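Colleague: Here is what each chain is made of, one letter per residue.
There are 2 protein chains.
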Amino acid sequence: MDKFDPATAHLLGACDARAAIEQGLLSSQELVAACFARIDELEESIGAWAHLDREWAMAQARAADKFRSRGLEIGPLHGLPVGVKDIIDTSDYPTERGTLLHQGRRPTQDATLVSLLKEAGAIILGKTVSTEMAVFSPGKTRNPHNPAHTPGGSSSGSAAAVSAAMVALAVGTQTNGSIIRPASYCGVYGFKPSFGRISRHAVLKQSPPLDTVGVFTRSLEDLALIADILMRYDAQDSAMIPIAPPCIGKVLAQQVPAAQHFAFVRSPVWEQVEQVTKDGLRELIDAVNASREKTVDIVDLPAPFTELHEDHRRVMEADLARIFATEYDTGKTELSAVLREMIERGQQVSDREYHDALAKMQNYDLLLEEIFDEYDAILTPATPGPAPAGLDATGSPVMNTIWTFCGTPAINVPLLQSPEQLPIGVQVVGAKGDDARLFRSTRWLLNILND
Amino acid sequence: MDKFDPATAHLLGACDARAAIEQGLLSSQELVAACFARIDELEESIGAWAHLDREWAMAQARAADKFRSRGLEIGPLHGLPVGVKDIIDTSDYPTERGTLLHQGRRPTQDATLVSLLKEAGAIILGKTVSTEMAVFSPGKTRNPHNPAHTPGGSSSGSAAAVSAAMVALAVGTQTNGSIIRPASYCGVYGFKPSFGRISRHAVLKQSPPLDTVGVFTRSLEDLALIADILMRYDAQDSAMIPIAPPCIGKVLAQQVPAAQHFAFVRSPVWEQVEQVTKDGLRELIDAVNASREKTVDIVDLPAPFTELHEDHRRVMEADLARIFATEYDTGKTELSAVLREMIERGQQVSDREYHDALAKMQNYDLLLEEIFDEYDAILTPATPGPAPAGLDATGSPVMNTIWTFCGTPAINVPLLQSPEQLPIGVQVVGAKGDDARLFRSTRWLLNILND
Numbered sequence: 009m010d011k012f013d014p015a016t017a018h019l020l021g022a023c024d025a026r027a028a029i030e031q032g033l034l035s036s037q038e039l040v041a042a043c044f045a046r047i048d049e050l051e052e053s054i055g056a057w058a059h060l061d062r063e064w065a066m067a068q069a070r071a072a073d074k075f076r077s078r079g080l081e082i083g084p085l086h087g088l089p090v091g092v093k094d095i096i097d098t099s100d101y102p103t104e105r106g107t108l109l110h111q112g113r114r115p116t117q118d119a120t121l122v123s124l125l126k127e128a129g130a131i132i133l134g135k136t137v138s139t140e141m142a143v144f145s146p147g148k149t150r151n152p153h154n155p156a157h158t159p160g161g162s163s164s165g166s167a168a169a170v171s172a173a174m175v176a177l178a179v180g181t182q183t184n185g186s187i188i189r190p191a192s193y194c195g196v197y198g199f200k201p202s203f204g205r206i207s208r209h210a211v212l213k214q215s216p217p218l219d220t221v222g223v224f225t226r227s228l229e230d231l232a233l234i235a236d237i238l239m240r241y242d243a244q245d246s247a248m249i250p251i252a253p254p255c256i257g258k259v260l261a262q263q264v265p266a267a268q269h270f271a272f273v274r275s276p277v278w279e280q281v282e283q284v285t286k287d288g289l290r291e292l293i294d295a296v297n298a299s300r301e302k303t304v305d306i307v308d309l310p311a312p313f314t315e316l317h318e319d320h321r322r323v324m325e326a327d328l329a330r331i332f333a334t335e336y337d338t339g340k341t342e343l344s345a346v347l348r349e350m351i352e353r354g355q356q357v358s359d360r361e362y363h364d365a366l367a368k369m370q371n372y373d374l375l376l377e378e379i380f381d382e383y384d385a386i387l388t389p390a391t392p393g394p395a396p397a398g399l400d401a402t403g404s405p406v407m408n409t410i411w412t413f414c415g416t417p418a419i420n421v422p423l424l425q426s427p428e429q430l431p432i433g434v435q436v437v438g439a440k441g442d443d444a445r446l447f448r449s450t451r452w453l454l455n456i457l458n459d
Numbered sequence: 009m010d011k012f013d014p015a016t017a018h019l020l021g022a023c024d025a026r027a028a029i030e031q032g033l034l035s036s037q038e039l040v041a042a043c044f045a046r047i048d049e050l051e052e053s054i055g056a057w058a059h060l061d062r063e064w065a066m067a068q069a070r071a072a073d074k075f076r077s078r079g080l081e082i083g084p085l086h087g088l089p090v091g092v093k094d095i096i097d098t099s100d101y102p103t104e105r106g107t108l109l110h111q112g113r114r115p116t117q118d119a120t121l122v123s124l125l126k127e128a129g130a131i132i133l134g135k136t137v138s139t140e141m142a143v144f145s146p147g148k149t150r151n152p153h154n155p156a157h158t159p160g161g162s163s164s165g166s167a168a169a170v171s172a173a174m175v176a177l178a179v180g181t182q183t184n185g186s187i188i189r190p191a192s193y194c195g196v197y198g199f200k201p202s203f204g205r206i207s208r209h210a211v212l213k214q215s216p217p218l219d220t221v222g223v224f225t226r227s228l229e230d231l232a233l234i235a236d237i238l239m240r241y242d243a244q245d246s247a248m249i250p251i252a253p254p255c256i257g258k259v260l261a262q263q264v265p266a267a268q269h270f271a272f273v274r275s276p277v278w279e280q281v282e283q284v285t286k287d288g289l290r291e292l293i294d295a296v297n298a299s300r301e302k303t304v305d306i307v308d309l310p311a312p313f314t315e316l317h318e319d320h321r322r323v324m325e326a327d328l329a330r331i332f333a334t335e336y337d338t339g340k341t342e343l344s345a346v347l348r349e350m351i352e353r354g355q356q357v358s359d360r361e362y363h364d365a366l367a368k369m370q371n372y373d374l375l376l377e378e379i380f381d382e383y384d385a386i387l388t389p390a391t392p393g394p395a396p397a398g399l400d401a402t403g404s405p406v407m408n409t410i411w412t413f414c415g416t417p418a419i420n421v422p423l424l425q426s427p428e429q430l431p432i433g434v435q436v437v438g439a440k441g442d443d444a445r446l447f448r449s450t451r452w453l454l455n456i457l458n459d
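If you read the protein sequences in the order shown, they are chains S and U.
Heads up, the working numbering is the position in the first sequence plus 8, with the first residue counted as 1.
Heads up, the working numbering is the position in the second sequence plus 8, with the first residue counted as 1.
All the pointers check out, no bait thrown in.
A pair counts as met if it fits within one copy or between any two copies, since identical chains are not told apart.
Restricting the straight-line Cα-Cα distance to at most 25 Å, the calculated cross-link-like pairs of lysine to any residue (SDA-like) are:
#1 Lys74 / Gly441
#2 Lys368 / Glu382
#3 Lys258 / Glu81
#4 Lys440 / Glu81
#5 Lys440 / Ala67
#6 Lys440 / Leu80
#7 Lys74 / Val264
#8 Lys74 / Ala247
#9 Lys74 / Gly257
#10 Lys74 / Glu377
#11 Lys440 / Ser77
#12 Lys258 / Glu30
#13 Lys368 / Gly441
#14 Lys74 / Pro265
#15 Lys258 / Gln31
#16 Lys258 / Glu229
#17 Lys258 / Arg240
#18 Lys74 / Glu382
#19 Lys74 / Leu375
#20 Lys286 / Leu309
Since the hints were made in silico from the structure, they are not lab data.
A quick note: this is a predicted structure, and the numbers were derived from the prediction, not measured.
The whole structure should be built from the sequences, with the hints applied where relevant.
Modeller: What follows is the structure, encoded as structure tokens:
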């Protein structure tokens with residue numbers, strides 16, 4: 009790699025920037041300065057950030073450059089700026105959760121995932137915009153591909169900031185479609201790991217059986233880089249169990265042991281998918297099968313899955329009603345109508361209904377296992393279509409609900425485009441717990457498409 | 009590697025056992041069974057263990073073997089038994105801290121370091137004997153090299169269990185000489201990292217500016233293996249800062265960039281060192297210098313270090329008085345005379361004296377830095393001599409106090425022997441924060457000696 013113009017350093021992917029820093033071709037201060045120049049240029053029209061502190065970010069970068077000069081091993085994210093969704097606690101930035109009700113909130117402690125980022129050497133560049141309490145009511149963020157369109161939500165700012173090259177790495181969360189949907193709309197890679205693989209300690213709770221932390225980048229390799237940092241056991245998150253980190257980067261670099269097979273799953277909500285998405289996906293699958301016969305089969309989910317969206321709604325809304333009870337009781341008028349209605353519906357869910365819905369998770373898992381016995385991964389749309397016009401809603405998570413409820417790992421791959429040049433993502437879903445293999449299968453698919 | 013007799017698997021080092029498990033030549037259940045057979049044979053005479061639960065250990069091993077069969081990445085300690093000092097909280101074993109006052113104590117939560125071990129795939133084999141509250145009053149443990157001699161303390165059981173090949177990996181703690189001393193007496197490798205590099209969350213507090221977690225093994229490579237697992241940032245330990253893990257194993261495998269130079273430091277307490285140790289160390293240094301000229305110089309610590317042992321005493325005893333106040337107030341009669349006296353002396357230390365002593369730490373650090381500017385590491389005895397006869401005391405930590413107070417990393421290398429075949433360790437000390445380089449320098453030294 010040659011020494012390059014540091015003014016364009018914000019365009020580098022994270023792996024490339026890290027290599028440049030390690031080789032002394034780029035300093036963290038130059039990289040952070042380039043990111044801030046990009047933010048100066050675009051933030052007014054995109055609005056990806058809830059909190060920025062240029063001086064503190066530069067101070068972190070100076071410390072990183074100084075640490076490197078000591079000649080000690082540097083971390084895998086050494087000197088790289090990261091955006092963190094504003095529902096994730098940080099000791100050095102406010103965490104206001106997209107609502108006036110938490111305005112001025114300043115946690116004293118970092119979320120575990122933030123401490124893992126810092127240990128890895130990352131620069132916390134700022135906090136990215138979340139919808140209200142990470143539910144539906146939008147923040148100020150606009151879609152970098154067309155500012156008249158929604159970026160999706162709830163991790164709106166993280167997806168938009170990565171898409172606009174303000175930062176190469178960002179963290180978000182998903183309880184329904186809050187990572188994969190904005191990744192699809194903003195045309196970036198998004199990864200929602202298997203349930204229980206990234207700590208949610210000091211992350212806003214919405215619905216503990218569903219809440220999942222994930223990441224955004226502009227390449228699959230960068231996605232693996234940051235996922236490997238965050239997928240660490242933390243006893244402070246009771247949903248986690250102590251199993252070995254998946255070593256995604258290592259597995260991703262391996263050859264697949266055999267040709268991969270994918271199940272093209274249309275799902276019970278197929279009628280909600282737009283024609284442009286159907287056509288694009290059909291074309292893509294034909295191209296894959298033309299290149300390698302019988303790589304992709306059409307597979308329908310078994311009948312019980314028609315009930316899943318309602319099961320998810322009951323669990324999530326009942327949890328919202330319980331967990332946001334204080335906000336509802338003391339600040340109802342500050343809540344959006346959409347959140348208020350969800351809470352009120354949640355209040356109507358009986359304990360029996362809630363636990364019946366939860367109990368069905370295992371059943372769905374068993375049904376999915378049958379598919380994954382035969383197929384390496386599932387292909388399905390990431391969103392019904394491209395980002396809808398308008399900024400008063402964040403689009404539909406309907407294509408994401410199944411994979412959140414079942415806790416399977418999912419990657420948004422930005423492969424399709426609408427006639428208006430808006431991105432549409434393909435969602436690749438793996439077996440629960442097989443996160444690293446999902447990356448490897450996705451790489452294999454991309455290699456075929458690039459052949 | 010050939011398939012070997014699983015009955016001798018307990019003799020394997022951790023790196024070798026891990027390789028055998030990965031290659032399918034050994035199961036974790038076989039390894040755990042071999043360790044328990046060894047314990048059955050020797051525990052009555054050695055008394056290394058405070059708590060053992062064979063069924064639970066075998067259940068963990070079964071789970072590890074089952075996990076491996078799924079073909080996912082396995083952790084660096086996958087299937088390997090570890091002994092954990094009984095002042096470190098575990099959710100699945102009692103943690104009684106070597107005192108009747110905490111008999112029956114069952115924490116509900118794992119210490120962070122235990123959760124890191126579990127994440128890496130380790131089997132927690134049991135809890136190892138600590139002296140009373142990790143201070144001086146001995147537990148039941150005897151020295152595996154001669155049961156009439158002390159194993160040293162306070163991490164008596166961890167050192168003895170590794171020495172007796174009941175387990176290849178164990179964890180201990182040091183506030184004065186509680187890792188390096190028993191390692192020296194028991195003839196095993198011991199590592200006390202730089203201060204603030206292994207989490208003490210849910211580890212018994214004695215003296216927070218001094219308490220340091222460390223490890224025991226029978227080889228330098230194994231020491232690096234387990235140290236790399238434990239040296240992770242944890243925001244729950246306020247002495248830690250988020251810097252990158254040292255990657256000791258990686259650095260240890262590198263060639264040193266230049267010939268290494270060692271400072272042979274006799275320290276202000278040299279008159280307490282026994283002749284056998286002086287002679288052995290002299291011979292060793294002559295052998296090194298004969299093989300490579302001017303590798304080791306004699307260096308004296310500057311005059312201020314004559315005050316350090318008293319500074320350490322004030323800090324440690326004042327902290328003991330404050331932190332063990334409840335035990336002293338409510339259970340004085342259950343405390344040993346030696347601990348009671350330390351607490352009572354600690355009660356006499358004024359706040360001014362305490363903070364003056366603490367403030368001198370930085371000064372000592374600066375003086376040591378001058379040595380480390382010139383030398384890669386320090387060589388000094390690990391203990392005044394071999395393990396003293398008798399079981400009513402654990403020997404003198406006087407050779408360890410400086411390096412604990414200054415927070416420098418230190419390794420015990422079992423290189424010397426008394427005429428009675430008792431081991432005596434050489435202590436290799438590195439610059440604060442340069443833990444990985446200390447390992448590399450130690451490997452270089454060992455290579456010269458083995459030439």
